[in-house]
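Protein chains: 2
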Amino acid sequence: MTTLETTTRTKLSRLPERGRFDTDTIHAILDAMPMCHVAYMRDGKPAILPTLQWREADRVFWHGSTGAASHLQGREDEVCLNVCIFDGLVLARSAFHHSANYRSVTIFGTPESIVDHDEKTQLMKNFVEGLFPGRWDRLRPVKDKEIRATSILSLPITEASAKIRTGPPADDDEDYAFNVWAGVLPIASAFEAPQADQFTAADVERPGYLFGRSIG
Amino acid sequence: MTTLETTTRTKLSRLPERGRFDTDTIHAILDAMPMCHVAYMRDGKPAILPTLQWREADRVFWHGSTGAASHLQGREDEVCLNVCIFDGLVLARSAFHHSANYRSVTIFGTPESIVDHDEKTQLMKNFVEGLFPGRWDRLRPVKDKEIRATSILSLPITEASAKIRTGPPADDDEDYAFNVWAGVLPIASAFEAPQADQFTAADVERPGYLFGRSIG
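One line per chain: the protein sequences are E and D, in this order. The numbering of the first sequence is my numbering, which starts it at 1 and goes up by one. The numbering of the second sequence is my numbering, which starts it at 1 and goes up by one.
Same shape as in the complex, but just chain E (with noise of 0.2 Å):
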């Protein structure tokens, strides 16, 4: 059982908000959505790169090219990863219990960088197929040159935290007979139709993984 230990405030509103620190969630957090940002320190001062993430069990792993200021410097100090989704806006009755809904993990931790070939080869390979099962063996195969070029770094899953707003405004009580239209503008995230390249061919077969799919 993963440990998680550290909160962080990640208030998108005033209103009370649950922590939640049960792996399940986070994990769920981390799955639906897999853009994150990281934020590191370059020459001193906080800096944000945001990128890509995927979950093996309880780590999390980003990649980018070996030459990055980010991806050499994450390999020392400590980051900060964060994965939010924007559920929706909140309208309330007054202007200070308006806010947002969303869904969040925040991960704090000093990366490591995987440095044996034929783990990052697997890794790379577990990214993909996460995204695009059966795509891996269909690709022209990787190159060794490529892993080489590529920089993976990884966070366990320990000093983590997820905060979640949901549901209709809090207002304060005396403001609940305001006559202003109060609840929640919903934002949803989906994929849309794929574009194949003007260089796929008219026949070739259209993965199942293009269709059908969410996210957020």
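Hints listed in this document are in silico derivations from the structure and should not be mistaken for laboratory results.
Heads up, simulated EDC-like pairs for lysine to aspartate or glutamate below, C-alpha to C-alpha not over 16 Å straight-line:
1. E:K125 to E:E146
2. D:K45 to E:D77
3. E:K45 to D:D43
4. E:K45 to D:D77
For this one, chain E is given, so just place chain D on it according to the hints.
Chain D alone, transformed into the frame defined by chain E:
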């Protein structure tokens, strides 16, 4: 004319990408997506706050509770704010050239904390009106204690850059004949039907800003 001085590496892929520094591109991305991530220093380590931002002329603003660590510390130290809109997955013919389409803006700077009561009130009004035109005057009027409990931080959009990846995969020349589906799986975010809370009268006016909105 705003000077946009510094770039940052926000690469989601290892493809050649254009960094953009023109004000119109940066403003358009900020205006399209209120959700942002702010990286700041906490106890000597980077931390991330997902929150909502809004732009006024050549400044970006965000708010929170005056008691939140992220807001207390943000006043003194440099922060990094990023808005990233995730536009799609890019499926290439090799694993290496898989990528994401996105629009990203990164801003560096030391935030200014707005302290003047009337200025804070006006900024909160601007934030609400920017999202929901005409709503402010229909709300239960804001209380002085609510303004006092609200911290508003601001960054000039000067040390800022945009990164955009769009369009089909960029495969190696010799791979285009490879017989696998390649292209883009677009992602779109949208507002769904508004959900009134249980205290909203059935005959209350449903404001126009609840309908026909786009995001991202």
